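Visitor: Letter by letter, the chains look like this.
2 protein chains.
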Amino acid sequence: MGLFTKDIKSMNDLFVHQLQDIYYAEKQLVKALPTMAQKASDPQLKQGFLSHLDETKTHVTRLEQVFKMHGAEVKAVNCPAIDGIIEEAEEVAGEVEDKSVLDAALINAAQAAEHYEITRYGSLIAWAKQLGRNDCASVLQKTLEEEKAADKKLTTIAESKVNMRAAS
Amino acid sequence: MGLFTKDIKSMNDLFVHQLQDIYYAEKQLVKALPTMAQKASDPQLKQGFLSHLDETKTHVTRLEQVFKMHGAEVKAVNCPAIDGIIEEAEEVAGEVEDKSVLDAALINAAQAAEHYEITRYGSLIAWAKQLGRNDCASVLQKTLEEEKAADKKLTTIAESKVNMRAAS
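These protein sequence lines map, in sequence, to chains A and B.
Counting with our numbering, you get residues 57 to 224 for the letters of the first sequence.
Counting with our numbering, you get residues 57 to 224 for the letters of the second sequence.
Only chain A is shown next, with the shape it has when bound in the complex (with noise of 0.2 Å):
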């Protein structure tokens, strides 16, 4: 968020501001991908969680190749969005016992945050296109594939086999 209020006079302020927000989302997200990983029990969940830390890191970088094109400061602005999911995240964890039941909590986890950066891309990716940068809007559009395509994994992984052991 800026210092002032009413900042945002624009589309354009619009758009980095979002770009700024969902930098410092991928940002929190590169830090909170290892912990899950190591709390995750099923080796193709933990795996799943190292790949996304990968692919993460990739979408920071795509920001910052944004921001450039765009002609705009490489920033990242407070995200209490992404702040709230990652503690709600920590928070449930923390309460779990069984590890079935845990790897049913993670991915649940994770699939919010998934949601939260499909919902900010498609936006983000909208207001580039009705900016004229289609060039940015490509960019973007490489990561929103990534992401929803993690998001699909996850739900695989939960209904082939971690629901139903964190059933039992």
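Any given hint could be a false lead.
Since the list gives no way to pick out one identical chain from another, each pair is judged satisfied if it fits inside one copy or across any two copies.
[Claimed, not checked] Subject to a maximum C-alpha distance of 30 Å in a straight line, what follows is the list of computed DSS-like cross-link-like pairs (lysine-lysine):
{"no.": "1", "residue 1": "198", "residue 2": "209"}
{"no.": "2", "residue 1": "208", "residue 2": "65"}
{"no.": "3", "residue 1": "217", "residue 2": "198"}
{"no.": "4", "residue 1": "102", "residue 2": "124"}
{"no.": "5", "residue 1": "208", "residue 2": "83"}
{"no.": "6", "residue 1": "124", "residue 2": "113"}
Treat the hints as calculated values from the structure; they're not laboratory data.
A quick note: this is a predicted structure, and the numbers were derived from the prediction, not measured.
Following the hints, complete the assembly by docking chain B onto the known chain A.
Guide: Using the frame of chain A, we list chain B on its own:
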């Protein structure tokens, strides 16, 4: 969250905990939506927020029904994720002066809440089925469909006019 650590011992506990979490989230949205409707300028968007307020009240009632069907106490637990999403919505909305840009920002904020709910209901439905509670799953499914429809409606409003107006 519970008062004691490690108080989620089973998939059933996780299911009930998540019900309490989304129950809190829906009730927070019942409080937030009238302000969003008030801030919106586009009549269709304003009306959309008000219609979704009515739906959200129904979601609260449906959750109370699911708690009872499942023999669990109707109770809310703090949900830092939705608090973060709403806090961010209020912060961004407070920084935008232009009415069209504000509409675009409001849609983006509302979609973050919708996506949060979509992911939570998705997990709840999968867990309910795993727990042999198809009756609960089918009540939750109705809400999930409405959240998805609300999200799509917001995308349509954004892409058909709001984004274009905001960028002009």
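Visitor: With identical chains treated as interchangeable, where does the CA-CA distance between residue 198 and residue 209 reach 30 Å or less: within a copy, between copies, both, or neither?
Guide: both (17 Å within a copy, 24 Å between copies)
Visitor: Go through the copies and call it for residue 217 and residue 198: within, between, both or neither, with a Cα cutoff of 30 Å.
Guide: both (29 Å within a copy, 25 Å between copies)
Visitor: Cα distance capped at 30 Å. Does residue 208 pair with residue 65 within a copy, between copies, both, or neither?
Guide: between (37 Å within a copy, 26 Å between copies)
Visitor: At 30 Å max between alpha carbons, let me know whether residue 102 reaches residue 124 within a copy, between copies, both or neither.
Guide: The answer is neither: 34 Å in one copy and 36 Å across copies each exceed 30 Å.
Visitor: How do residue 124 and residue 113 come out at 30 Å by Cα distance, when the copy is not named: within, between, both, or neither?
Guide: For residue 124 and residue 113, only the intra-copy Cα distance (17 Å) is at most 30 Å; the inter-copy one is 44 Å.
Visitor: One pair to classify: residue 208 and residue 83, alpha carbons no more than 30 Å apart. Within, between, both, or neither?
Guide: both (22 Å within a copy, 29 Å between copies)
Of the numbered hints listed earlier, the single one contradicted by the structure is hint 4.
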